[in-house]
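Asks: Here is what each chain is made of, one letter per residue.
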Amino acid sequence: MNNTSKLILIALLAGMVAVSGCNKKTRKAEGSDMGDGVSTSGTGTEFGPDGKPLGDWQSGASADLLSQTRIYFAYDSSELDVDSMAVAEAHAAFLLNNPSTRVVLEGHADERGTREYNLALGERRAQSVADVFIALGVSAMNIDNVSYGEENPVAEGHDDSSWHLNRRVEIRYDR
Amino acid sequence: MIFRSGHKKIFSFQGYNIARDKILKMKLSNMKKLAALLIILSGLIVSPAQAVLTIEITKGVDVGIPIAIVPFSWDGAPVAGESMTNIIEADLTRSGRFDSIPQADFLQQPHNAKQVRFKDWRLIKADYLVVGSIRQAGAGTYTVKFQLLDVFKGNTLTGYQYNIQSTKLRNVAHRISDIIYEKLTGEKGAFNTKIAYVTVEKTKKGKRYLLQVADSDGFNPQTILNSHQPLMSAAWSPDAKKLAYVSFEKKRSMIYIQRLSDGKRENVASFKGINSAPAFSPDGTKLAFVSSKEGNTEIYVLDLRTRAIKRLTNHHGIDTEPSWLPNGRGLVFTSGRSGQPQIYQINADGSGIQRLTYSGKYNARPSVSADGSLMVMISRGNGRYHVAVMNLRTKEITKLTDTQLDESPSFAPNGRMVLYATEQANKGVLAAVSSDGRVRQSLRFLQGDVREPAWSPYLR
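Protein chains in written order, with my numbering: chain F, 1 to 175; chain L, 176 to 635.
Worth flagging that the hints you see were computed from the coordinates, not collected in a lab.
Accuracy of the hints is not assured; some may be wrong.
To be verified - Straight-line Cα separation of at most 20 Å, SDA-like style, residue types lysine to any residue; simulated pairs: (1) L/Lys602 to F/Val154; (2) L/Lys426 to F/Ser77; (3) L/Lys468 to F/Ser139; (4) L/Lys379 to F/Ala140; (5) L/Lys536 to F/Asn152; (6) L/Lys426 to F/Tyr173; (7) L/Lys426 to F/Glu170; (8) L/Lys416 to L/Val388; (9) L/Lys447 to F/Ala140.
So that you can see chain L by itself, here it is in the shape it has in the complex (with noise of 0.2 Å):
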């Protein structure tokens, strides 16, 4: 291995992270006292430790995009945290359209393309390289350059440069993935968001819900609320400002909506019965929600400007779980009309019922792709239920998992993905598989159970 000058910075940076990696397995290895450790410190940890979880590749791909990723220059005081290449590396590797080459076999370290010596890279059969370089600007301020450049042709495709807060590092990374992986696959990626979740623990005085929202590679949790009551269903609004969820904090369900920047929450459905299943239309406008006031178990829409509330389904089955078209004009829902849960569609204006699924006996939460092609629900078979995803123009059905009990699936909002719970251990985890089930992962949290996962829209 070749390292130059201006790379000892890099990996004091680098070294900051084995250190607290250290730390967190000298943890893991001493539960009982990090738990009682962790009493004594939860009124002063400020953040909560970053590793709080770990993602794990359970499937992957033999054929990717051969990509190398030279760790970026550093030039400044160090900032805690893993390194912007690490985390590009991570999220094209998790997209299972890359095949990252291990940089022991780099034979040279550039930092810009003035640098690059191009049949170094052809020689380990890279077909693109990434290359870039952090400098501190100012007092907490960094200066990231990166250029992507194409090592068969001998030319760069594309270069950014972003001046930002230290704090912002692991945003512009996946910012950075996402234009790699958008000029290299021609669709859009999807790195640079976020997903909502419930973890729940097991504490002295009961169990305790928190509804987080963190980074899409699970980094940077922030708790929105803490509950001693269930949690679920977590729905996010299209300007990826707003979750509605559902609350058992008054000891029955009830849907809030909250705005994620203050915190500030309203409460939009507390009728008798059930409140549940929110979900914003594509121009954030109305809700859809699953109420049981008039008795029977059926969808509401409620219009957030006006307040009017309309009926949407009139059965005496159970009709939940309603998701939207993304053209807004439609919706798709889970059904007991038939004696068992299917999949249904239904106007905006609550005509022209029409059922989309016919193969098995229990297929329900049903979530439409961005694109309107796809669409991801849960699906037994064989006493198990898993992911499977139907394609809505051919109406074929493909499983995507096999896991048991597989619960809330998501789409990334470029459709590549879907996220999920399933369990792992007798433990809830989330985990991802992409949308021809050819990668999945999982992504194992340190605290307790995690489940309900949300993908959000791109951030604006």
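In isolation and in its complexed conformation, chain F is listed as follows (with noise of 0.2 Å):
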């Protein structure tokens, strides 16, 4: 199988995965069928009450997706946004397909504010988009997490162009 249609039955399978946002205090357990085997449920304050609809996923907006290694949060923050959730389902569909390949989930952060917090920050954001995966079905065995906090910067200006490439984390596979 190339990589393409490898892609293109990843995303058709993406589709039919059962799909949570989640954040620790916020987890909740409001699910609903949607039809066709597809269930959502929401995260509350970040997406409403109704969750994100996933039926009409593209399959190739959700190769798209899944070509985003890099998951981008807000100043001080490990919660995702509505995009940065997309991309993290759309790799969540991959890994339940390929339940032997194991990821990493590096977290980083800017360079404002001191080292070991950011360290510390990197770790949360890390953990935010593996509790994501995990909410998802893949199993915790398969993550792990890394925390450079600030001391692998992609852009090194210091702006906040540079600032918000940097708030990042990064999905590497182990191949």
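Two independent chains are provided; combine them into the complex using the hints.
Replies: As structure tokens, this is what we get:
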């Protein structure tokens, strides 16, 4: 199977995965059956009570999401926004369909503030993504969290755009 | 200027420095050539050039104690390095408590108390006078004598003699600075101490991180760890013989304790998740550290004798950056439990958590002075992360710096100065500020970025 067809298959399977966003403080199980084997659950604060419909996912869109391996965060936050959640969900689907694949979630922070606090923040960001994966059924055994804090920036500037790029979780697959 | 016999030797000694400085400037003007040269020479250089750093006083004071430091007489073979009087003068000036009178104003050049004509020093308004001599005693050994005199009273306040190896001349200069400082301010000096810090250089193979230990003025740097992965959070043991630090050499954060004398080290925390922010207890028997091994980032205490580990905090918010109170009975730390980083205090048994900071939305990385009266931290204000100090009795907070990205503040063991990392022209530099904010200086290294400084305790 070539890469493209593999991705399309993954994307199709992704649409069938039960999805829930998850936040440690606001973990809720307000599931709603949407038919066709797809069910969602809301995350309360982040998505509203109705959850985010996934039934109309396009395979191309999903492949596109899977090609995104960085999830970005707001300042001093470890919460996933709607766009980040979609990326996390696509990767969770991939992992569910490739149960022997291990993933490393590498958390990072921007340079502002203290290094140890940022190391903890990077860990928290990685854990937020791991929580989404686990809630979607990915085995915790297959997930490794690593935090580099502010030590490994991708952008070296000292401005908002660099800081935005550096507040991230990198999703890395062990191959 | 009056130069008496015997001074030629001093100046030949200093001439060595001038020549070295010229070489340095030449090298600086040819950085590319220097880089190529360094690659060729890197295998040959035994000890790094001493002038790897420049100290620049960026904020001074108008009033200090007026002191005249007469160049010590030199009798013996010249030794590479700076003159002791220059070191003493630089130390005292950096403290912000002294005003050194220019040598050009001196009317005489005495080297011991007997030679001093006090009226000559009253005339140029020196309150105190330092005189001394250096004499070669044997191969590579020297006898250093100095005296501190009260110009107004016309008497000698103190004097010492040291018999030392030539390699210890800098250290003795710092010890003399300490004695002068203590005699004239009533407080212990902290010049004869060390600093630890991390340098980062970009190489063709990626970044190179060096954990280094140097004299308190940045000289005599020695590398104690060399890694291609990040290093951070250096913390001194109270006897100044060991450093704990965080290394990513195994691709994630782990805590090591390394003995400085022989470089022997031990991995003391490599739990799942992060291992970070080590801090020795004041009696050296325990190490507070941070781990996420149980899910949340919590503070733990490792008993270094029994190896027992005790969890201190328990909250889903981030708890990190523990720092012991000088009496060892409690710690201060950063917690995100209120929704933003603020500083809290906790008893060493995990009881009695109490919030210390309420102003501003970001207060982190606390460290308490040895007398327990002041706490230094990083505070955010107007989008800048600067060094601030809190009076622990009145809870009053004073901003010490106005730079943008300050980090890792630590007190000198006498509590009078704070060493921290900041940024100048896109480069990490070390800087120091007096605890009252009146004097500020930057220590700029020629090699790459510098970060994560930690000031040692007193050397025993």
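Asks: Determine for every hint whether it applies to the structure shown.
Replies: Status of each hint after checking the structure:
1. L/Lys602 to F/Val154: Within the cut-off at roughly 17 Å; holds.
2. L/Lys426 to F/Ser77: Measuring from Cα to Cα gives roughly 24 Å; hence the hint is violated.
3. L/Lys468 to F/Ser139: With Cα atoms ~18 Å apart, L/Lys468 and F/Ser139 stay inside 20 Å; holds.
4. L/Lys379 to F/Ala140: Violated: L/Lys379 and F/Ala140 sit about 37 Å apart, past 20 Å.
5. L/Lys536 to F/Asn152: Cα-Cα ~25 Å, so violated.
6. L/Lys426 to F/Tyr173: holds (15 Å)
7. L/Lys426 to F/Glu170: Holds, at about 14 Å.
8. L/Lys416 to L/Val388: Within the cut-off at roughly 11 Å; holds.
9. L/Lys447 to F/Ala140: holds (13 Å)
Checked against the numbered hints above, the structure breaks hints 2, 4, 5 and satisfies the rest.
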